[in-house]
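**Q** Protein chains in written order, with my numbering: chain A, 43 to 142; chain B, 64 to 248; chain C, 6 to 651; chain D, 419 to 787.
Rather than coming from a laboratory, the hints here were simulated on the basis of the structure.
Note that the structure is a prediction, hence the values are computed from the model and not measured.
Note that beta-carbon positions come from the ideal geometry of N, C-alpha and C, so glycine has one too.
Don't take every hint at face value.
Stated by the list, open to error - Quick list of the computed label-pair ranges, beta carbon to beta carbon:
| # | chain 1 | residue 1 | chain 2 | residue 2 | range |
| --- | --- | --- | --- | --- | --- |
| 1 | D | LEU637 | C | LEU32 | 39 to 47 Å |
| 2 | D | ALA777 | B | LEU200 | 18 to 26 Å |
| 3 | B | VAL215 | D | TYR706 | 33 to 41 Å |
Unchecked claim - Covered stretches of chain B, going by a simulated chain A footprint (3 or more residues, C-beta under 8 Å):
| # | segment |
| --- | --- |
| 4 | 78 to 85 |
| 5 | 100 to 110 |
| 6 | 115 to 128 |
| 7 | 186 to 198 |
What the hints assert, rightly or not - Away from chain B, derived, C-beta distances all over 12 Å, residues of chain D:
| # | residue |
| --- | --- |
| 8 | VAL432 |
| 9 | TYR551 |
| 10 | LEU565 |
| 11 | LEU591 |
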Amino acid sequence: MTPVSYYLVLGAALFAIGVAGVVIRRNLIVIFMSIEVMLNAVNLTLVALGRALGSTDGQVMVFFVMTVGAAEAAVGLALILAAFRSRHTIKADELNLMRW
Amino acid sequence: MEVGVFAFFAVLAVVSALGVVLQRSPVHSLLALVATLLAISALLIGLGAVAIGFLLAIVYVGAIVVVFLFVIWLLNLQRDPGEPGHLAAKFFGAFAVAALTAELFAFFVRAPVGPPPAPAGYGSVDRLADLIFRDYLVAFEATSLLLLVAVVGAVAVARRWPADQPRRSGAGASAHGELRRAERA
Amino acid sequence: MVNGVVVEFPALKLMLLLPALGVVFNLFLGRRAGRAIVNVVSVAAVVGAFLLALWALGELLALPAGSALKATLWSWIYVGPLQIDLGLRFDALAAVMTLVVSGVGSIIHLYSCGYMGEDPDYARFFAYMNLFTLSMLVLVLGNNLLFMFIGWEGVGLCSYLLIAFWYDNAQFAYNGRKAFVVNRIGDAGFLLGIFALAAAFASRGLWTLDFAAMREHISLVSSAVATMAGLLFFLGATGKSAQIPLYVWLPDAMVGPTPVSALIHAATMVTAGVYMVARLGFLYQLTPATMEVVAAVGAITAFFAATVALAQSDIKRVLAYSTISQIGYMFLGAGAGAFGAAIFHIVTHAFFKALLFLGAGSVMHALGGEQDMSRMGGLRRKLPVTHATMLVATLAITAVPGFSGFFSKDEILEAAYVSGHYWLWGLGVITAGLTGLYMFRLFFLTFYGRSRVEAARLPRLHESPAVMTIPLVILALLSLGGGWIGLPAGMLWGDRIGEFLRPVVGQVKSVPGLEALALSAVASAAALSGLVLAFVFYVAAPGLPERAAAWSGALYRALREKYYVDELYDFLVTRPLFFLSDVAFDRVIDSYAIEGLVDGAAAAARGGAAAIRRVETGNVQHYALTYLCGALAVLAYCLYYSMRHG
Amino acid sequence: MLTDLLIDAAKAIVAVLLVLNLATVLLWFERKGSALIQDRVGANRAAIFGIGRRLGVPNLGVTNTFVADPLKMFTKEDFVPDQADRFLHTLAPFLSLFPVLVTFAVVPFGDRLIVGSRVIDLQVCQLDVGVLYLLAVLGIGIYGAALGGWASNNRWALLGGVRASAQMISYELAMGLAIIAVVMTFGTLDLQEICRRQGGAWFGWLPKWGIIYQPLAFLLLLTAGIAESKRIPFDMPEGESELIAGYFTEYSGGKQAAFMLTDFAEVVLVSALVATFFFGGWQVPYLYPEGFRLPGIGSVLLPNLVVAVLGVLAFGLKVVFFCWLQILVRWTLPRFRYDQLMYLGWKILLPLGLINLAATAVVIVAVAS
């Protein structure tokens, strides 16, 4: 069997890549996609740890993460659409009306 | 053999995840995201979570990412011009991400070496359904409510209200309006 | 002393639940439900409580003397060793009070259905009435001081709400506030008394406010503390029960709807102070000095109020002062150690005073709201039922032998005499005469003589509907026969109510039969002479009062103006307070100190915000980065921790 | 070990070849069938050396469908528009064809075949969660059309791509609901097992096919399936009169062939799924593993090989029947308007699917208790 730590390290790497996307990219859509990468890195970690513990609860968590992810995508994308309509940009650093 | 399969999908996942972040064109990012998700779902199946693995592909690849695609089209996003942006932010961001990677690795390399053999029926739909509909029933019902709220909210937010309708002339715009009217009817 | 048993009786909770449901229903659904349903629900809630009280009484009588029923609603305050539950205790004292509250309350609720028949705000009215019943039951049934205090405050609140029920009249609203503020002064005394008592017990290691426990361990309290606590509680009692010096609110409370006056300001709430003193009898018995104060205040108030009542022309005002006077009697009895007699007088007083108020309400109803006795007269034929029942009530309050008031007042005066308060006894006897005078003055002015009713009102003069007269008749029967439950010891079946209450409130020594008879004869003679005087003044020789008034001059004016007490209070307390508020607090402290503090805080916040708001760049990614740094720190700490501890 | 691998490989190759060939046959079938329906001659060109004519056989257009057209397709210039995204433009046709083909991996085309001591399941890949696999792979299929339309950098193509993906995502819901109802009925996600559970008969004569349990789900699946394959009456994405050819307007040569092949493979797939879920898959009425057992007549014992072959033939027959049905539909019904299409998908099929699901659940619980 592949050691669980491999999966965990892979999950960590994917998560870090997702974080990098969120922090560095300016395109809101891409930031959003990076968040999805982060979510799924966590999913992988959950299942791997669940497997290591011999429990299925980790998979149930993944199930819920997916549902929440779907809801988040629906609302988030709707927000991006609305923001684009009013500001004609989806650059994260240009949508900064809420400063100071 | 197993490790080889793992390595293949792991490399695929990492490379395509990097693709999500690094691609200039949102559509290419999106395609890379699809590849990442498929790799992850393959890895989940490899871990014995067969049902969840396929569900991940159905839900994410089959639905959520398609919605991303629609939004990209709707916004008519082209390739990013690639301006440098805030270099300082990028620098600190990269630094923080490196630190995060290091810390996470430090955590996880010490995890148990080999997973115990999966018990019979591990990761099957039966077992999963048993948990979801018994132990996690309330949470499950709550997520259904959450989805409903999210759908209503998304429609309310993304809807084009009459006041902010930018009136453009042209065949395309009016055809679009017709379509909307027809959909509403 | 207490050798009975304490039995769990969960139906007590129901007794509180019914009025509570009535409140909730009337408050939230009353308007929509309509008048008929509101009437039924409100009356049913109180009648249900009364039936439950009867049931509980049956249970209690089946137990040995000195027993009690109890029920616990919730655990309330559990702080260290102090444990206070919202508990109910139904002993003999509570039983009598509960029956009076719910019984007379039922009758008055029924009467209100008719009296408030045209008021558009009936739902609010009945919500308050039910809330009052609930609060009063809590006050009576609570098994500890703190729970009792909740009821105490509750009835005060309801009193305020109901006095100011027609709040669009500024004067009524003012009177409501006055009642509330005056009551608060007394409540402060009550609260301080609770603290004093709790501290006294706690310093000896007993953390309780439970009546039974306090009574058992009252020997732990030093007499100095007992005196202080007793006086503080009595201050509370003077506020709630309208005694000198805090009586001023009660006459003004008469602007509320008449059933309210009957229920709250005559029959039940105002006797709460007497009940409280009786309930804390074990405390008062420790300190003779306090008892002296109670007795003296009671007797003086009784006399004082009776004199004022002589010169009032407002029918409800006369009744208000007579209430103050009668409660003075109760305190006289309590101060003389005859708690049982005081409670007995509460009961009989509840009957006849409720009847008097309801009768007055019936008269006012007939006259379209007229309260001035100088515009009444000769109503005997128009209002036969009201007239007959009022006659019974007037005879009862005058303490004519055989009527209920006679027995209880007699017991009180006897106790005052026996305990050696001869002066107070004398004052009581004089007051008895005055009572006869002013009550029959009221009666004759209203029902006899020439009709002075305004011509416009004459054609519409009518007897009240059955829903109002039936309560009158019931109360008249009770006023007539209600006293027979407390005959003098040794006569027929003896002093049943006294025996029933004895395990709770203790016993007073009695005098030999012949001496008692003599005392009764003196008191009755005084009362009857008052009656005769009234007859002479107001029926036989109607011109006499004016001449008497002119002859007495300043004295009469003082009586009519209530000894100028309101003006005195206004001069001594109200005006200085307003002056202080206006000059010292508003112009100096508020303008400079408090506003300076507030403005300074605002300026500091503004300055600080201006400094740190730069952090809010509005760029999501900066926030994400900051968040990430925090997460990194937490993760690093976890890493460090796990390495340190394996 | 190696033998197992070889057998698996053989099954996969057989399945793929069968599907591809059947798809090609369908192309011819469609040409001639449409001609028949529209009272024309249809494909009748490119006879090789006139052999058929010499033999007196009417030219059925077999040659130009099976030989000339493929040759022409694959030798044409592979044209990529100037501003197109070359990578995605190339990837899209394969992204379109690949999922459809791999879907067949879980479709059972026969019962067990016993060779010596070896039991061969006539299914490329036995999967406990076959239905989930099916839905997952079908979900991926959207990207082919969508990206193909987008990568061409052509308005018509993009519109076609948008329409295609919106349509597929909409009808996938109804399809999924129909399939889930079937899954609930049979209590398994394994397609082979679903086929097995459709064996036997009620009262000895009525086959226990899915259609008996789930007639509504059958209609839903068939409708949604036709919509998924984007054919008339659901061919808005390519709607020739409006969008030229929809998302493959800018495709030519082999890539276009891949798109066309996808269409026909999808037709086959829908037929196979309908057959599997509702018509017993490879089940032959009254045929049991040991032989025929005819109600009221008697039984005939048959060797396993014959039973297996009969099963495969029955499955093929059913698939061909539903292919024919779809072609018939295609050439008989007019095209929906786009809003009608959305209306049908979201406001008719989806609620029907939900109702069907709820009713199924109630019945199952009622029967179980």
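**Q** Going back to the hint list, which numbers does this structure go against?
**A** When the structure is compared with the hints, numbers 1, 3, 9, 10 and 11 turn out to be violated.
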